[in-house]
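Heads up: the sequence lines are chains V and R, in that order. The working numbering puts the first residue of the first sequence at 1, with every later residue one more than the last. The working numbering puts the first residue of the second sequence at 1, with every later residue one more than the last.
Hints were generated in silico from the structure; no laboratory data involved. Please note that a few of the clues may not be correct.
[Stated by the list, open to error] Covered, in the sense of this in silico footprint (three residues per stretch, anywhere, with C-beta under 8 Å from a C-beta of chain V), are these stretches of chain R:
#, region
1, 196-206
2, 330-336
3, 340-347
[Stated by the list, open to error] To give an idea of the chain R side of the interface with chain V (calculated C-beta under 10 Å), a few residues:
#, residue
4, A180
5, R182
6, M190
7, R192
8, L262
9, D263
10, I316
11, A325
[Said to hold, decoys possible] Some chain R residues close to chain V (C-beta under 7 Å, calculated; not the full set):
#, residue
12, P191
13, P193
14, L322
15, A351
Note that the Cβ used here is the ideal one computed from N, Cα and C, for glycine as well.
One letter stands for each residue in the lines below.
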Amino acid sequence: MRDLPSGSELLALARDVLLQELMPQLPPEVHLDARLIANSMAIAQREALAGGTPEQGILADLERLYGDASNGRPGLLSRLAHDLRVGAFGSSEQRERDARRILWRLTIAKLRSANPRFLNANGLS
Amino acid sequence: MAATGLPRSEPAARAALARFFAATSGADAVKITGLTPLRGGAIQENWAVDAEFSGGAVAGEQRLVLRTAAPTGVAASLSRLEEFAVLKAAFAAGVTVPEPLWASDDLAIIGKPFFVMRRIEGTAAAHRITRDPTLDPALPAIAERLGGELARIHTIRPPRAGLAFLVSYEKVGPAQQITAFRAYLDRHPMPRPVLEWGIRWLEQHPPPQIEPVLCHHDFRTGNYMLNGTAVTGILDWEFAGWGDPHEDIGWFCSKGWRFARLDREAGGISERGPFYRGYESESRQSVDPARVFFWELLASVRWAVIALQQSDRYMIAGERNLDLALTGRRATECELEILMLLDAGGAPHDA
Chain V
1 MRDLPSGSEL LALARDVLLQ ELMPQLPPEV HLDARLIANS MAIAQREALA
51 GGTPEQGILA DLERLYGDAS NGRPGLLSRL AHDLRVGAFG SSEQRERDAR
101 RILWRLTIAK LRSANPRFLN ANGLS
Chain R
1 MAATGLPRSE PAARAALARF FAATSGADAV KITGLTPLRG GAIQENWAVD
51 AEFSGGAVAG EQRLVLRTAA PTGVAASLSR LEEFAVLKAA FAAGVTVPEP
101 LWASDDLAII GKPFFVMRRI EGTAAAHRIT RDPTLDPALP AIAERLGGEL
151 ARIHTIRPPR AGLAFLVSYE KVGPAQQITA FRAYLDRHPM PRPVLEWGIR
201 WLEQHPPPQI EPVLCHHDFR TGNYMLNGTA VTGILDWEFA GWGDPHEDIG
251 WFCSKGWRFA RLDREAGGIS ERGPFYRGYE SESRQSVDPA RVFFWELLAS
301 VRWAVIALQQ SDRYMIAGER NLDLALTGRR ATECELEILM LLDAGGAPHD
351 A
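So here's chain R without its partners, still in its complex pose:
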């Protein structure tokens, strides 16, 4: 437990968690039989928790995940209790997610706020999913299923009493995102002219207003779990908020999230057709290619800025993490995509 570390010692955290689980589930007693950090999640920490519940609402052996904040995070992400509320809304809307169970901001339990959900089986490893030839025949159907899942997320619309903490779309629309990108670049020590060019294009070509929906804001390969060929859960809801539904579609299709298969434009797993078909079939709304283009370009700018921010956690905040340090280099991959999207003439011959 030392590497990532809960603020409380392991025995104290186990005992306090057992008491919390018993109180919230109505169990006579709870024994924590396993507490192991899970890899992945640069912003959040996930812990596999195995527990035996004696009586109560979830009697028996349970395989759970406890999700809490990493030592340094990204300002734009939701708190754990807010993420828990979003997950509950998605679960109620029929989105395939790990069932959310309990949450607490009582620092006396593990030392920081957390929530608990059921542990689902499978892998979210994007490189494995996009590389595994045995998965290939099933991938178009998986893409179609994911399109349907996304459409179900987008059925959640404001106003929602339980999600009142989400910032209104007027404050997080494209114009506000552009302002935030530029504010970040003004603080960044290195000039990024390609990002400036891309942002200028976005500023000059805003899409017409649209009724906002709940966007996952990180809906991509790597953030869904596959067990064999079955989609077992959409993960990582920390960036959810109101937005243009095409924002999630553009993010899913952007080149930054195609991993080993840049040629498969829907998340590195299929052509766009099946993904769009799944979305349109579930939502009964047409996907607008022009809007997707706008948001796909914005996705490349956004991912570049996030990559630089991850690197800042090493460069500025001093977090000694090679993965974060290297992520900053990926900003240039996004810049190449911006050039490829906006300059139909392609690279000059003497580049």
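With the rest of the complex left out, here is chain V:
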């Protein structure tokens, strides 16, 4: 049990103080650094809010792709990367489609934390 406000709430508040209150008082030559700090805080906040849910969903997809031969979750993403390198899904349109679906889900999940604005600018959310 953790005390409130939560870590992600504190991060959001601290970021707001940095951008709204401190930034106007900082010399222009350090504004870029301040924005990088604010960006880092936003990523950390979004990752804290998302928790492990996106990762679990991707791993479940990978288990479905590889079925009984998956031998557990560790290494499944590496296996997918290897299979894509060697074109292992070329003989099955369905498996290739399933693999591609995982790539989309993985990428969109990462961008929801790292850069949701970029996702939106590309018509995704």
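Use these hints to put chain R onto chain V, whose structure you have.
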């Protein structure tokens, strides 16, 4: 000077630079009146140098830039003396660049090799260029001008005695780049299946051989200087080398370099039309959309790998730099673009 820091102390560097400037310019004496680090350039350090020359080839007050290596660099970049030679070739070919003046690898001057060029006016700030509404009416003409500049760069072709240090195209073509991408991914701690998928496509769809030209290899918004609406210089030649001319066109147009305006496909500043028109008009060669597609996809893979390498400088080399650390996150933006380019069906509804 402490943050980035020349290896020699500032007074010693100023005195040695003044002697070097006098000797190379034929001046009776040179006084360094300003030496200030310029922001930007994760791989190189740039210093604004103000100097008063008494006599010689450049008598009077001069505003210069000294360019030298940052503490940690990227293995693929040219040495400063090599970059200086490329800049001289571009200047001679009529490309709009800061005039290259002198170079030295004498470590007794500032402690590391460097070259000196004239300082040009303007901004290279990509976010400002792509966001500033007052620039909008002029941007198509700027894109056309940049197409012409790129075509002039591509008039430089091998063999060139002064550029003999550049690796032959046979060793840096698409197949070799693919091998290098995979070798990097094999060393990287996290699997990157989207990059693997993109690289596989590149491997399966190589463009037909072409006569190589000098490619800038980082020709993009952020690497040209605008003074108002005038293009005052193409910057940052550290990755130049022989390549397919479409390599530079694909790099300029790739989504990673559109900054605030993803919808403006030519460098975030215009549609492709004006940029291509400027290139075709100057080069009298047609831009081949299929070749551009190949190189644009490769650009997304390359930028992703560079982003991860920048992050490695924090993660592995221990360089304490937030900008570099955050750059690694941008690899996923490139991966989204790879998916959008290669999967016409788009994202699944439940993604």
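Hint-by-hint comparison with the structure:
no.: 1; hint: 196-206; verdict: holds (count 5)
no.: 2; hint: 330-336; verdict: holds (count 5)
no.: 3; hint: 340-347; verdict: holds (count 3)
no.: 4; hint: A180; verdict: violated, 14 Å
no.: 5; hint: R182; verdict: holds, 7 Å
no.: 6; hint: M190; verdict: holds, 8 Å
no.: 7; hint: R192; verdict: holds, 6 Å
no.: 8; hint: L262; verdict: holds, 5 Å
no.: 9; hint: D263; verdict: holds, 9 Å
no.: 10; hint: I316; verdict: violated, 19 Å
no.: 11; hint: A325; verdict: holds, 8 Å
no.: 12; hint: P191; verdict: holds, 4 Å
no.: 13; hint: P193; verdict: holds, 4 Å
no.: 14; hint: L322; verdict: holds, 5 Å
no.: 15; hint: A351; verdict: holds, 5 Å
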